[in-house]
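What follows is each chain in one-letter form.
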Amino acid sequence: MFARTLRFLAVLLVLMPCAVVLGQAQPVLKFDVTCDDAKIGTISIDVWEPHTPTSPGGAAGLYGVKIQGGFDYAPDPDACPLDPRASFYWIQGYIGQPTLYSWESVDKWSYDRSRGTPDTKIADGSPFYVNLRGPGYGHSTLGFLDAPRDELNADSPIIEFLFQTALVCAIPGEGGNKGSIHMIDGFTWEFRWVWEAGTPTFYDLGVQHSKAHFGDLFNAFMNDPDSDTLKNAWNLYQDGCCCIPLPSAVWMGLALLGAVVCGAPLRRRLAA
Amino acid sequence: MFPAAVACAAMLMALTTGCMAADDIPPPLPVWLTLRWDGPQRETVPPLILYVSDEVLKAAEKDAGSSSPWTARITDAQLQSIRAWTEKHAKEPQPAAAFRLALGEQRQVAVTRLSRARAGELLALLLDELKLGEDAQRACRRFAIAHGLRRDEKPM
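Protein sequences appear in the order of chains Z and V. With my numbering, you'll find the first sequence wraps up at 1170, consecutive numbering, no jumps. With my numbering, you'll find the second sequence wraps up at 171, consecutive numbering, no jumps.
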């Protein structure tokens, strides 16, 4: 009897951690984001899956992928101080087929923002990816969700895309000057759907931590037909991270030190 | 004879009243609304989710396919006005690439597909006529701007 109970407890001890691990959804991709060699937070991709007409939010005849995750800002103590005017956003570019807008080309990178009328004009007048511009999907700083999709059938038998997503920080322009956007880190994701003998087949080409196409994303920004929303209003940099410039930080530190040092005798004199 | 006739009449009356009462029961009222683009897309614009009570929010998010920053409470009366507007346009030809408007009742969902122009009219109803609360106004305005259905706002 005692031996049986012991055996039961042993099995339970082995199985319990397994159940805990299986019960938790593991991120598809998770990596630290650094700025000047110090960690400022983490990007996680929690969902990466084919999107079909029967997926939640799906639509008849439309196929693609769903990718969801986010950024959590949690700077290490040695990380540089963030400019108080700065905010975090996503920007995104892609290359592939089929094209959606009149100005696109299958062999050129496009800047990923929804267009209005005319279809060269970014609908909301912002360079930043709209989903999201704040916390969400379980992430405290910046959620991310995309479900690009297209018709897949005998007339349109291939959907294939490579996306570059970048976490950026942005400081708005003041007094008529351009704002600045710094690409900090990013990930690429790629997929293909093929209509083969009346059957849709999905090819998962993966999601990975990568800045390999930051240059292509930069070029898409610079060559976009809506220059008033993009390059005429913002400077885009492929590095940097909106830290307070060192001299200011040093001066602020010195000022604080001065206030403490000079304030003490003054307080003593006033007290006397 | 007389008591039997009275009983029969009473039974008939009860039956008639019962039938009338059944006829008078209004159809279930929608308790949430979702509006989203339902065609090919690159960037995925968050859906608009309007709901009347916390208990129905999960059902609305399930219909929309995700949660959304553009989620807000509205009143029963406002949702009924939207339903009345929807019923006027429900019999129009349904465009292929369109906005998908879903009105959710307790047990079923009524889906209407709206052309870009019609979606613009619905947003005008929401923003200009229904006197929505501040959160709902903001959610509708953001959705409208993101889809280029409104232009009279500052860039975000």
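Source of the hints: derived by calculation from the structure; they are not laboratory data. Fair warning: there could be bad hints in the mix.
Where chain V lies over chain Z, by a calculated footprint (3+ residues, C-beta under 8 Å) [stated by the list, open to error]:
1. 934-945
2. 954-964
3. 1010-1018
4. 1029-1041
Far from chain Z by the CB rule (all over 10 Å, computed), these chain V residues [as the list claims (entries may be wrong)]:
5. Asp53
6. Val60
7. Asp69
8. Ala105
9. Pro110
10. Val124
11. Thr127
12. His162
All C-beta atoms, glycine included, are put in the ideal place defined by N, C-alpha and C.
Status of the hints after comparison with the structure:
For a cut-off of 8 Å, the count of residues in the region 934-945 of chain Z with a CB near a CB of chain V stands at 0, and the three-residue condition is violated. Residues of the region 954-964 of chain Z lying with their CB closer than 8 Å to a CB of chain V number 5, which satisfies the three-residue condition for coverage. As drawn, the region 1010-1018 of chain Z meets chain V at 6 residues by the rule of a beta-carbon pair under 8 Å; at three or more, the given contact holds. Counting residues of the region 1029-1041 of chain Z whose CB falls under 8 Å from any CB of chain V gives 6; the rule of at least 3 is met.
A cut-off of 10 Å between C-beta atoms contradicts the statement that V:Asp53 is not in contact with chain Z; the least separation is 5 Å. Not every CB of chain Z lies more than 10 Å from the CB of V:Val60, the least distance being 6 Å, so the non-interface label is violated. For V:Asp69, the requirement that its beta carbon stay farther than 10 Å from each beta carbon of chain Z is met, with the minimum near 18 Å. Non-interface status of V:Ala105 relative to chain Z is upheld: no Cβ of that chain comes within 10 Å, the nearest being about 19 Å off.
With a closest Cβ-Cβ approach of about 13 Å to chain Z, V:Pro110 is found to remain outside the 10 Å limit, as its non-interface label requires. Annotated as non-interface, V:Val124 keeps its C-beta farther than 10 Å from every C-beta of chain Z; the closest such distance is 13 Å. The beta carbon of V:Thr127 is kept farther than 10 Å from every beta carbon of chain Z, the shortest such distance being approximately 14 Å. Distance check for V:His162 against chain Z: the nearest CB is about 6 Å away, which does not clear 10 Å, and the non-interface claim fails.
When each numbered hint is compared with the structure, violations occur for hints 1, 5, 6 and 12.
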